[in-house]
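A.B. asks: Residue strings, one per chain:
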Amino acid sequence: MWTMPPTDSVLHVLSFIAVAAQSMTAALAAGRRKMDWAGVCMLGAITALGGGTIRDVLLGHYPLLWVAHPIYLAIAGVAALVTILLARLVHRLNVAFLVLDAIGLVVFTMAGCDVAWQVDASLPIVIVSGMITGCAGGVLRDILCNEVPLLFRSELYASVSVVTGLFYATAFGLEPNPQLWTLLTFALGLSLRLLAIRYKWEMPKFVFNGEER
Amino acid sequence: MWTMPPTDSVLHVLSFIAVAAQSMTAALAAGRRKMDWAGVCMLGAITALGGGTIRDVLLGHYPLLWVAHPIYLAIAGVAALVTILLARLVHRLNVAFLVLDAIGLVVFTMAGCDVAWQVDASLPIVIVSGMITGCAGGVLRDILCNEVPLLFRSELYASVSVVTGLFYATAFGLEPNPQLWTLLTFALGLSLRLLAIRYKWEMPKFVFNGEER
Amino acid sequence: MWTMPPTDSVLHVLSFIAVAAQSMTAALAAGRRKMDWAGVCMLGAITALGGGTIRDVLLGHYPLLWVAHPIYLAIAGVAALVTILLARLVHRLNVAFLVLDAIGLVVFTMAGCDVAWQVDASLPIVIVSGMITGCAGGVLRDILCNEVPLLFRSELYASVSVVTGLFYATAFGLEPNPQLWTLLTFALGLSLRLLAIRYKWEMPKFVFNGEER
Chain A
1 MWTMPPTDSV LHVLSFIAVA AQSMTAALAA GRRKMDWAGV CMLGAITALG GGTIRDVLLG
61 HYPLLWVAHP IYLAIAGVAA LVTILLARLV HRLNVAFLVL DAIGLVVFTM AGCDVAWQVD
121 ASLPIVIVSG MITGCAGGVL RDILCNEVPL LFRSELYASV SVVTGLFYAT AFGLEPNPQL
181 WTLLTFALGL SLRLLAIRYK WEMPKFVFNG EER
Chain B
1 MWTMPPTDSV LHVLSFIAVA AQSMTAALAA GRRKMDWAGV CMLGAITALG GGTIRDVLLG
61 HYPLLWVAHP IYLAIAGVAA LVTILLARLV HRLNVAFLVL DAIGLVVFTM AGCDVAWQVD
121 ASLPIVIVSG MITGCAGGVL RDILCNEVPL LFRSELYASV SVVTGLFYAT AFGLEPNPQL
181 WTLLTFALGL SLRLLAIRYK WEMPKFVFNG EER
Chain C
1 MWTMPPTDSV LHVLSFIAVA AQSMTAALAA GRRKMDWAGV CMLGAITALG GGTIRDVLLG
61 HYPLLWVAHP IYLAIAGVAA LVTILLARLV HRLNVAFLVL DAIGLVVFTM AGCDVAWQVD
121 ASLPIVIVSG MITGCAGGVL RDILCNEVPL LFRSELYASV SVVTGLFYAT AFGLEPNPQL
181 WTLLTFALGL SLRLLAIRYK WEMPKFVFNG EER
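Protein chains in written order, with this note's numbering: chain A, 1 to 213; chain B, 1 to 213; chain C, 1 to 213.
None of these hints come from the bench; they were simulated from the model.
These stretches of chain A come out as covered by chain B in the derived footprint (C-beta under 8 Å, 3 or more residues):
(1) 56-65
(2) 114-125
(3) 138-148
(4) 196-207
Beta carbons are placed, not taken as given, at the ideal position from N, Cα and C, and that holds for glycine.
Only chain A is shown next, with the shape it has when bound in the complex (with noise of 0.2 Å):
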């Protein structure tokens, strides 16, 4: 059949990076709609964990990561803080913001591509469970801030994914040695994610007039 990298210790610290990055995104979110310092936490925490979460949920992967190892929602939770109080900072750091939030797009969907391929789960799963992971947790944030989510409107997120998850799950026939297979997968996922920031790449839209029935 086919075969996966393990996952690299290295992983294990760009998830910590990637979390607080999504809850700090998260987190100005919340500000834009004034919600007050628990709700911030809240939608931090939700956002960060939450992709992960829906993922375990569906393939039935117990217990959780964030009930196995509470720290990740501390993690968040003082992402989320950090963020209130840096406000100003954060925002001018924009640049940085999205290049983290990139990482954790990239690290994320790495990580759902393990547990999938843990529990045996197909090919077609394991790039699904990839995109879950690394694109949920924003869905959700955009749910409870009322909105549709950007996911479906906008730039090269899932795709990213996909292309990501495609690639780490068959090195495309290459078969590099686990390391350097690891590594390429991050930076081939970063470049794409950058670029399609850069240079605006976008998916064709539908755009339907027709009434609603």
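Position chains B and C against the provided structure of chain A, taking the given hints into account.
C.D. replies: For chains B and C alone, coordinates are given in the frame of chain A:
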């Protein structure tokens, strides 16, 4: 106690049609919100498979259908893409769609009852399981399109599902042979739904103008 | 380690009251959106039982309460229908409702702590479990009513749940006898919540006006 007819292989074929039909109606809704192609596919798949997914998660019934058989994901995704290509045509086929959607409601309801029955749920839960399977996908679609779910506001949709499930689970004490039973349920549910659309049957509405707490 | 008092049978009775109260407040919200009767019942049941359902799904704690005991579904549904009939009266009983809703918050929080404690969760997860059980139903209600959840924006609601859970799980080191412990937690939580309503205690808000990314 009470028994239910075995799942028919006809039901199996009808379930493919139902998945495609629900994905296509979701794709039209996505087009009204100017989603991109990836978003259209995702909304289609979530709508078509979301009801069964929620049911399985609530009943702890793993693995999920589309995890075990990713072909369902492919059907939903392809149906959504076809809708993009044929939007004008699809729109003109409005009546055909309403019929397909009604078939979906009835087939999903029966499939949902089957699953609950397999896990030895009690009669009320069998009916609720059918209703969730038939209706929850549309609720997810409306949440993701940022609207109050149509299900809660209009038409006999959930009610048709409940009556269909009740008949399917009990045959109202008639106990015909299984094939006839399945057929009768299908005919009953489909007729009810189409009559409800044709004559605009609606539940009474609860209108309350008290101020917010 | 740390221990928690056994669930009291009084808690059991209070949980019926809590389910009914939360279903009734949801029914009023449904009436403001002109939902039909079936929608009112569904919104009531989802609000009243949604918190515990999300908790159980996240903890992998099956079967769900309402699947094992469909009587809870019936209580929520009947309470919602009664609200339709008595809407004017119910509205006049605003203060009684706030008290019942506060009882619901505290009772659900304690029940959520109990469940997490039964599955040997760590202290932070016990408290989060209590908070999810107490608060998530209202978040589902607001999502389905197409609003930014009240929970994230106003009043001490989640915070009361956290303090209640923290006291319930640790008794702050006092270790009284179980009945007294349960009673003290109940009195503490209820007082906090009612004081928060009476004196309009609020968390500071995070207001951020940076443009969207």
